[in-house]
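Chains as they are written, first to last, in this note's numbering: chain L, 1 to 768; chain Y, 1 to 768.
Since the hints were made in silico from the structure, they are not lab data.
Small disclaimer: the values here were computed from a predicted structure and weren't measured.
Possibly wrong hints are sitting among the right ones.
Identical chains blur together in the list; that is why a pair holds if it fits in one copy or across any two.
Pairs of lysine-lysine, DSS-like flavour, derived with a Cα cap of 27 Å [claimed, not checked]:
no., residue 1, residue 2
1, 580, 674
2, 35, 330
3, 765, 35
4, 342, 721
5, 716, 281
Protein chains: 2
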Amino acid sequence: MRTARKTLSLLTGLALGASCAGSALADGQLDKVMKDRGLTEKDVLAAAKTYTPTGGRDEYIVFSSGGQSGQIIVYGIPSMRILKYVAVFTPEPWQGYGFDDESKAVLDQGKVRGKDILYGDTHHPAISETDGEYDGQFLFINDKANPRVAVIDLHDFETKQIVVNPVYKSQHGGAFVTPNTEYVITAAQYAAPFENGFVPLEEFNDKYRGGVTYWKFNREKGRIEPENSFTVEAPPYSQDLSDAGKGPSDGWSFTNSFCSERYVGGIERGRPPFEAGCSAKDTDFLHVINWRKAEELFKAGKTVKINGGNVLPLDVAAKEGVLFLIPEVKSPHGVDVSPDGKYMIVSGKLDTHATVYSFEKIQAAIKAGKFEGKDPYGVPIINFQDSIHKQVELGLGPLHTQYDSKECIVYTSLYVDSMVAKWNYCEGKVLDKISIHYNIGHLMAMEGDSRSPDGKYLVSLNKLAIDRFNPVGPLHPQNHQLIDISGDKMELLYDMPLPLGEPHYAVAIKADKLKPEVRYKSGWNSREDKVSEFKTRAGREKTERNCDASGNCTTEVWGTVIRSHITPEIIEAQVGDTVKIHLTNLERAEDEVHGFAMYGQNVQLSIEPGKTSSTTFVADQEGVFPYYCTEFCSALHLEMQGYLLVQPKGYQAKAGGMQEGVAYTQADYDKQVKTNVDTQAVIDQVVAYITSHNYQDFPTVVGLVEDATDQLGFAKGAKEKAEAAAAKQDWQNAMLWANQWWQYQVKTADLGLRAKTFLEQNGAKKIK
Amino acid sequence: MRTARKTLSLLTGLALGASCAGSALADGQLDKVMKDRGLTEKDVLAAAKTYTPTGGRDEYIVFSSGGQSGQIIVYGIPSMRILKYVAVFTPEPWQGYGFDDESKAVLDQGKVRGKDILYGDTHHPAISETDGEYDGQFLFINDKANPRVAVIDLHDFETKQIVVNPVYKSQHGGAFVTPNTEYVITAAQYAAPFENGFVPLEEFNDKYRGGVTYWKFNREKGRIEPENSFTVEAPPYSQDLSDAGKGPSDGWSFTNSFCSERYVGGIERGRPPFEAGCSAKDTDFLHVINWRKAEELFKAGKTVKINGGNVLPLDVAAKEGVLFLIPEVKSPHGVDVSPDGKYMIVSGKLDTHATVYSFEKIQAAIKAGKFEGKDPYGVPIINFQDSIHKQVELGLGPLHTQYDSKECIVYTSLYVDSMVAKWNYCEGKVLDKISIHYNIGHLMAMEGDSRSPDGKYLVSLNKLAIDRFNPVGPLHPQNHQLIDISGDKMELLYDMPLPLGEPHYAVAIKADKLKPEVRYKSGWNSREDKVSEFKTRAGREKTERNCDASGNCTTEVWGTVIRSHITPEIIEAQVGDTVKIHLTNLERAEDEVHGFAMYGQNVQLSIEPGKTSSTTFVADQEGVFPYYCTEFCSALHLEMQGYLLVQPKGYQAKAGGMQEGVAYTQADYDKQVKTNVDTQAVIDQVVAYITSHNYQDFPTVVGLVEDATDQLGFAKGAKEKAEAAAAKQDWQNAMLWANQWWQYQVKTADLGLRAKTFLEQNGAKKIK
């Protein structure tokens, strides 16, 4: 409060001084806002560091897991505005995900043992890497509950593939990529038999297993290749997070674990609970894996097939120098390889220390064959002291570490202390601590998992929000806190509530590395990334009804959508028909998405410019089923409608056409034409403004002008139809087409005005 | 840019001046941030007006429709941070919505003609009102695609009920409430037969119908009563939005319409499209309905039953003075009653004018029986000129109007112009315009639909974002722009991307009117708002397996969840069993939610403090199915796990108990006890700090202390078990229970540290 008052009086003083006059900040406006809203100077600085004015861009884009929402959350730094939820494991109708046939095929890949799984528990996203640097091409995310991995293509932010782990029954650790995205790494969590049958818990030690899976990624195809992927079988310790080596440690990966006690609870039968037995020992095991060696063994045929997957047996992994163990402080979460690939930092939530392992020392021990023994499964154990560089006391509940751009500087989350510690891992010295709110899980620095972290900002992913935000019922948002790490002291900048899902980990990439498209090539199946077999061109729309020999009939529609009508506007089917509707969005304009919803059939498509989407359902009840566009696309959006008529079997239409609700005359036509001529004058003025300015320097405006030109072309077509009808004195059609001509003019004017406003607000210059 | 430079030099100058030293703002820090980020003075002011520091509260809470996402979006003003997505029509696993048995029952209410509909197209939310003021108790939202209404209880932000309109086939207009929430009003959109069978479009004028439905709301029960609700049948014009009268117009409601041409398209067969024929006339019809009269007629038995719903026939409505029509400018969107109930403002997207109707004049015409004629269905038409107060030219595409706190001041969105117009509806004068980005649909003022709007802020709900944000693929976020309306000129403050869904309308309520709970009463079925029949107390957990006469067996679990274990930890079933699991969250602490996910069974529950949630599935495959807590609840969250074992039919466990992974000795026990004694010392220090400060003045801390006390109680229980085992020299159990004792200590310390930090950061005072 003292600081705030100081600023206030200072600013008030300034406002009175001659040298300070005329400024919006100094004339007391900021002063007044600060006073009214109880802001301190520090708050105003934080506001200025995060506020992003209209049309501004964020410097970093974050991909955050959505936890049990099964989605990915995309937000910007420093504005902390959420830009998109990308549907991954859970159907989401706004995106048509799990509603159109194309995306249903992706979700179907994720069935577990034949069952639909309509959610996922996403934990750790990873961006594809080239030479250890985020390349912004693909994103990978795991499902813990059902051991799956999804591939998201960042050229359109859509989920393209889901693969199911053939042998795990849970999979918390993942996804992590090798430095050139050769593999996506995931690890089992709760030990279970690799085979799918029942095995009693009494045989836990002998028959339950963990493992680490290396999913082969084909970058050209943008897909994981399960047949070229393999799993390294591991003891029934609960494997947790991994990281891939890089530089000197490339070819190796590191996975930590908990419950290496192999304890099985049963509190209901008097046994102490899992939480007691799984945290009883002082140490668990860091798993050190030579994945390049494992790959060689896989290629040499040393793996076995289990449930169709390739598994490198534990005894082979132990014997062939693929798998090693090192003690690590108990219940760790996260093993993080340094940018130079020389060190791995691990900390345990139930120990106050972080441990800095040295890859060089580990390799020396392995080469010397110097082990302190073997675990019960014959896996060599490297001595803790032989493998560490430093051990540093950080505080209560250290959990996850991220690297700064500055040499030797790291940040570690402290779960129990609700703090972030900044420390020097070369010298083993704590430099700064900051309180967060509350109970931080992971933290994330900008490009923090890459070979060259950017520093600048840190995000604290807090597991509890409690009182941080306006209350919204018993289920609270989480809280991502943005921290400025550019200076010596960490500074808290912003609290962002997460409105849906429980994020676990996130990755941030420099925004300019992402180059997403704004439209698809015409007639595109976006889930298969190829021209759709159902692509339909303007004027080629058709509806066909065909029956097979057993009398099963299909009504199939190849249609289009464009401002502001769906072709066809009437679909006729007979009861019992399978109805297939394929719609191609003919728009080229950015953001001109059309939706397609139909009454009572659970149909909702999102058809972005260029996309072809399909829906299939059985019309099992007679009736009238309105459909319409669900994206507010234009002034006539509400009128972008149609009817599916499900007729009785064998229905024949009676003679006599449509009843007209209103009959139009020549006077109506003439009046409409006059309106159109007047409207054209307005359009001509707008065009004159645009073309007299340097609009070609503004890509957004160039896009608008192209679109406006298209719409004017459509207007011309409608005008011709109107005039043809008028020539035949068919005033009904003359008037209606004249109105349609005007509707295209309105769309043209809409675009022109948007373009004109943009030019005015962005300092366009008059030319000539 | 000129302004920015001016500030910079000004601030730089200040920093050098003696009177300006020592301030974080003036010592050049703000200057530098502005320069680095290219911010103008206006930007910094906007930042200060919206930035909300950690722990701060928003002044208003917004409930926004989520469009075809089928959800409600909750955000704060002025921070524009999204606080929650509330699942309404679409299953959402983070909330367990559509996954637990209790919420599945709510979604099941929303089946349409027997079919599951797993999305909704939400458009217009309404907050319950008392005397025309938002009371913050309930929220209502429509589904356009499938004619449904949902009821959300704002005491816990959960969806409680979905009702399906018995006669409509689409329903865009809704929800709107009468001044004491007697009724929730919805209107049909695309005309269709009221009966469910097929009727050819050739009979459109005769057999297709629109209507306005009045859903009776029972506030005591918090539920709509379909049996006490009724529909006023209307001509097959596309009815659109409504508003209820208030004050002098209470008892009446107003609904506008488009396509009163009754045009039916068919572009695929050469007919001009719907968009041409539905916008051909200059005017559509404002529907004026005496709902109090309709209610009387319903109670007097004048309605007929169609599909089980109560319908007041069109001829009765026309004859009995229930329904009147007035011309309105074409293709309107929104009819908005003034706070004093005397005026209704309507504007049409294809006309440049807004019309201010006078309720007094309308009533005078009705009383005088002065009509200009009847429509083809016999409904009296009131003359336009006889009913209006003013008609005002605003710009291109006027769409929706909101009222200010200042008398006679309103704001109207201009879709084609991409602007907001501020004008005086008493005098019919435009006062100000501001450009938005781009193509505004609805706009919303604070408590703008109530009897006493608050002014202050306006939100522009824009339908296109185009270039406003970092690109995220072909499907763009929408853009809600916050506008400061406290001064004479409107000022743009903030652009908020909407990351999921396509919001149409929103309502904002003063935050302090909302009093949501942070926990449920113990063992609560939140969807039925009563104690669950499956409520389970600590220590009363049980699993039962029962088979019926036909050999169908059910394994049923009454379990509990609490930091950090699920009871039971092992569930045994036999293949083919129906498995029912009921879990009660024993926590009382704010935000201590536990989740419950199980491998391969599509099971994901969100169990907030006090809640009882259930899941039912068929264990149709033998095997081992891990389950675990999906909310990161505590340091031992990962260890909050268990196994469902699906055994072969008739399986009998072999003799011999669990293999222990590790055997513990007296030394292990003694070491753990020493740790516990040391930990207790830390706890005592924290307790001393808290109790020596005025912690009881901080409700958040009081909550934490209560929770910590509970955890210490649990620690005591585990300690007793450990000591009892030690007395028997059972070192295995002694050690494990001693560790469990420590786990409870860790939870206690976690809470204590959080409380201590809170006190330190919130200026707690030392007492005595």
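Against the structure, the hints:
no.	hint	in the structure
1	580 <-> 674	neither (43 Å within a copy, 71 Å between copies)
2	35 <-> 330	neither (49 Å within a copy, 48 Å between copies)
3	765 <-> 35	between (41 Å within a copy, 24 Å between copies)
4	342 <-> 721	neither (74 Å within a copy, 46 Å between copies)
5	716 <-> 281	between (80 Å within a copy, 21 Å between copies)
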